[in-house]
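Colleague: Residue strings, one per chain:
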Amino acid sequence: MNRRAFVKAGLAAAAAPLALPLTAQTATFTSRGANYFTDAVVTTHEGRQARFYTDLLKNRRVIINFVFVGCTDICDSVTQNLVAVQELLGDRVGRDIFMYSISLLPDFDTPEVLKDYAERFAVKPGWSFLTGQPAEIDLLRWRLGFADIDPERDANIFEHAAMLRIGEERLDRWAMAAALLAPESLVGTINRVLPPPRAL
Amino acid sequence: MPDWKDKLALVAQRNRQEIVNAKLSRREMMRLGLLTSTGALVAKSGLSSRAFAQVPLTPPSPISTPWMQPMPVLPIKAPLSPSALTHGHPDGTTLIDGAGRRINHQLCAYDSTGTYSGKFPPKKFYETFVREADWKFHPSWGPSKIWGFDGMYPGPRYNAYYGEPIMVRFHNRLPSRAKHVGFGLPEFSVHLHNAHTPSESDGNPVDFINSVNDPNEVNPLGFKDQHYPNVYAGYTKLNDLRGDPSEALSSLWYHDHTIDFTAQNVYKGMVGVYTLFDDKDTGDETTGYRLPSGEFDVPIMFGDFVFDRNYQPVFDLFNSDGILGDKFCANGAIQPYFNVKPRRYRFRLYNHGPARWYDFALYDGQKFLPFWQISSDGNLLPQALMKSKVDVAVAERVDIIVDFGKIQSSRVYLVNRLEQLDGRGPRGNILTPGTPIIQFNKVGPPVRDNSIDPMVTPLRMRTLPDPDFAALLARAERAKKRTFRFDRTNGAWAVNGKLFDPKEAIARIDQEAEEVWTIENQDDGWSHPVHMHFEEHRILSRNGKRTSVTSSDYGRKDTIPLYRREAVEVFMRFRDMKGRYVMHCHNVIHEDSGMMVRWDIV
Ligand SMILES: [Cu+2]
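For the protein sequence lines, the chains are A and B, in the order given. Numbering follows this note's numbering, in which position 7 of the first sequence is assigned residue number 7; successive positions increment by one, without gaps. Numbering follows this note's numbering, in which position 74 of the second sequence is assigned residue number 74; successive positions increment by one, without gaps.
Please note that a few of the clues may not be correct.
[As the list claims (entries may be wrong)] Restraint-style ranges between C-beta atoms, simulated for each label pair:
no.	chain 1	residue 1	chain 2	residue 2	range
1	B	His-87	A	Lys-115	40 to 46 angstroms
2	B	Thr-518	A	Gly-90	40 to 46 angstroms
3	A	Ser-77	B	Lys-367	35 to 41 angstroms
4	B	Met-68	A	Asp-107	51 to 57 angstroms
5	B	Ala-474	A	Phe-121	38 to 44 angstroms
6	A	Phe-108	B	Lys-136	27 to 33 angstroms
7	B	Gly-100	A	Asp-91	20 to 26 angstroms
8	A	Asp-107	B	Pro-139	53 to 59 angstroms
9	B	Trp-67	A	Ser-77	38 to 44 angstroms
10	A	Glu-184	B	Arg-546	41 to 47 angstroms
11	B	Arg-478	A	Phe-121	30 to 36 angstroms
12	A	Glu-87	B	Gly-100	20 to 26 angstroms
13	A	Ala-155	B	Lys-237	52 to 58 angstroms
14	A	Glu-46	B	Ala-479	28 to 34 angstroms
[What the hints assert, rightly or not] Which chain B residues stay away from chain A? Per the calculated CB distances, all over 12 angstroms, these:
no.	residue
15	Lys-179
16	Asn-339
17	Pro-342
18	Asp-523
[To be verified] Stretch by stretch, here's where chain B covers chain A in the computed footprint (C-beta under 8 angstroms, at least three residues):
no.	segment
19	42-50
20	100-110
21	131-145
22	185-193
Simulated from the structure, these hints should not be mistaken for lab results. All residues carry an ideal CB built from backbone N, CA and C; glycine is no exception.
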């Protein structure tokens, strides 16, 4: 029985939870905010403009990866894998989880190119491909931790195409996962970091 | 006046771009020490984290005057009667797979008459509450929030004995995961590092449990029972339920191991000490090996942190290299003093990381002082070795004997001589004198000391299980071989090019088999402290060179410091138990980013 089924069956309630008062107050958290994540203006594959932090990250649960259209092997495998993940997450995507694939080659990946790409993979709503100013996107890449300490490796954009950042901005809860894990395993990780909202 | 100082202090995480954005002049940057005369940006104190090329400067921690507080001595955990445990006596089962499944303990059982049976029925019972608490890292600071066993960082010390199995109930009383903000996930899976433990009690990364403060989760009572048989490896072949005493372990530790969040949770404070005794290492200095005992047997856990202006630990959530701190703690206190009597002490040195490598030495202000190394990874050596420094990579342990009776100076410092600038590991630069972490003050008149003086009587301890190295090599030749490459692939930490998948066992090994594993690091940028669960191994060779008797690789190990471009050949055994286990990099940030493999004993 999985966690959801367990809850659905009402077993969780039957097992008489013993909720204890918190002994210590939670530390106050100052949001990283736009200071950290930047409010770089990005354009989606649908041609909409958005500020990265304010419009796309704030109070949202997100799955973020980096991608570029010219990269056929790894990026396409990752995108294909994420299509399966989107399928498994169902209508949660666009509702309580947003998926962002940010271009590693923003000069080439124009919104039109990205639109083509998204259509090629039959990407559904709730998943946006993003492009923008190269310097700003590069900063974003560093801020989100898709970087290598070795400048030579860092310059190899293929090195940044196989990881996923999973997080919830409001809680400052962030994890990383391998983008090419089996979709079921990935969804397991996603559900752990971003548990599905429960109908009570 | 330009507010460049404020600009620098305000933003929590920064990189070169930010400094550029702050519009600092070269002169201002030089004044701040951000720029060398050649124009290269230098890493300041604080988290030395992401790329040097784009230095993310975390502001340094608040000022803390050293030697203002005594080093805490870890309290010894007291057992309870099984019926006194919260939620009642252990019932012979435990939770695995995110508490989604309940199974029987492999090696002990409970029956309806109220008795424990099986191979290793527990003789003592404990319970511990993992909770958020206020912790004072320094007397002049405000409190910091930690997550600790019994609300302490480090957690309490368990004194355990071979032949005396125990059961520990771990209660998750951490904040609700729906409300907790910041690093750390309030779920855990406790691993007892280097114990010979049945899989379901080993703290496998997927065997985490939720908090009682999340009553709608799958485990509303929020606890898990873990069974520690405290048995020497090898009892199956010997058919005696005792095992091979030369496999005895002594300085173990426990810590969270939950999948994807180990580094964050360990940095939150979820670590503690577990010491194992037997009829040789007795805990009584008048018997057995006669090692310094009681108040003179002192485990010390080292950890490094960065703190923000409100004294809260800072964890760079977007760093997958390995984070370093600018404050060094010993048993949860920043640069404490420790008053000692003029006699011998056994110090058990633990490095809980998350990413710092140490080289410890004793310094009296003028020179480095000799001491005795008596263990490697907490396993007592065949004989004491006189040393002037000891390397301790993340997760490694070294026990040392220091004779303050023979030291002239009344004040001695434990220093870290190893320079490390980023998560990649040390570059081999040895500092003189290094960073002082503990100040030892010799106080009072001479006191009774029944421990052996290794200067007078050679201290002979555990013989190795395979004392004949040539015979071991011959056995190794016949054993099955496997190779594990620890490397970086597509921006993530990997083993053999793959990232950790808890569903996939990369090796299925017959119980009682012997194998030779080659652990490789082809990357010249990084070092990895590689840890294998379950049994101690022997290092056969490093880079093709056979292990020599005088090398620190000689002896039983559970963690291999794997430096750049190295290949280490180890002899592995898989005795007595079945189930799933892991091997991983113990730079826990690497572990969380994929550098771990699951292997099963079948
Ligand atoms: Cu590593």
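Colleague: For each hint, tell me whether it holds in the structure or not.
Modeller: Comparing the hints with the structure gives:
no. : hint                                         : verdict
1   : B:His-87 with A:Lys-115: 40 to 46 angstroms  : violated (56 angstroms)
2   : B:Thr-518 with A:Gly-90: 40 to 46 angstroms  : holds (44 angstroms)
3   : A:Ser-77 with B:Lys-367: 35 to 41 angstroms  : violated (59 angstroms)
4   : B:Met-68 with A:Asp-107: 51 to 57 angstroms  : holds (55 angstroms)
5   : B:Ala-474 with A:Phe-121: 38 to 44 angstroms : violated (56 angstroms)
6   : A:Phe-108 with B:Lys-136: 27 to 33 angstroms : violated (54 angstroms)
7   : B:Gly-100 with A:Asp-91: 20 to 26 angstroms  : holds (24 angstroms)
8   : A:Asp-107 with B:Pro-139: 53 to 59 angstroms : holds (55 angstroms)
9   : B:Trp-67 with A:Ser-77: 38 to 44 angstroms   : violated (56 angstroms)
10  : A:Glu-184 with B:Arg-546: 41 to 47 angstroms : holds (45 angstroms)
11  : B:Arg-478 with A:Phe-121: 30 to 36 angstroms : violated (51 angstroms)
12  : A:Glu-87 with B:Gly-100: 20 to 26 angstroms  : holds (23 angstroms)
13  : A:Ala-155 with B:Lys-237: 52 to 58 angstroms : holds (54 angstroms)
14  : A:Glu-46 with B:Ala-479: 28 to 34 angstroms  : violated (59 angstroms)
15  : Lys-179                                      : violated (6 angstroms)
16  : Asn-339                                      : holds (31 angstroms)
17  : Pro-342                                      : holds (41 angstroms)
18  : Asp-523                                      : violated (9 angstroms)
19  : 42-50                                        : violated (count 0)
20  : 100-110                                      : violated (count 0)
21  : 131-145                                      : holds (count 6)
22  : 185-193                                      : holds (count 4)
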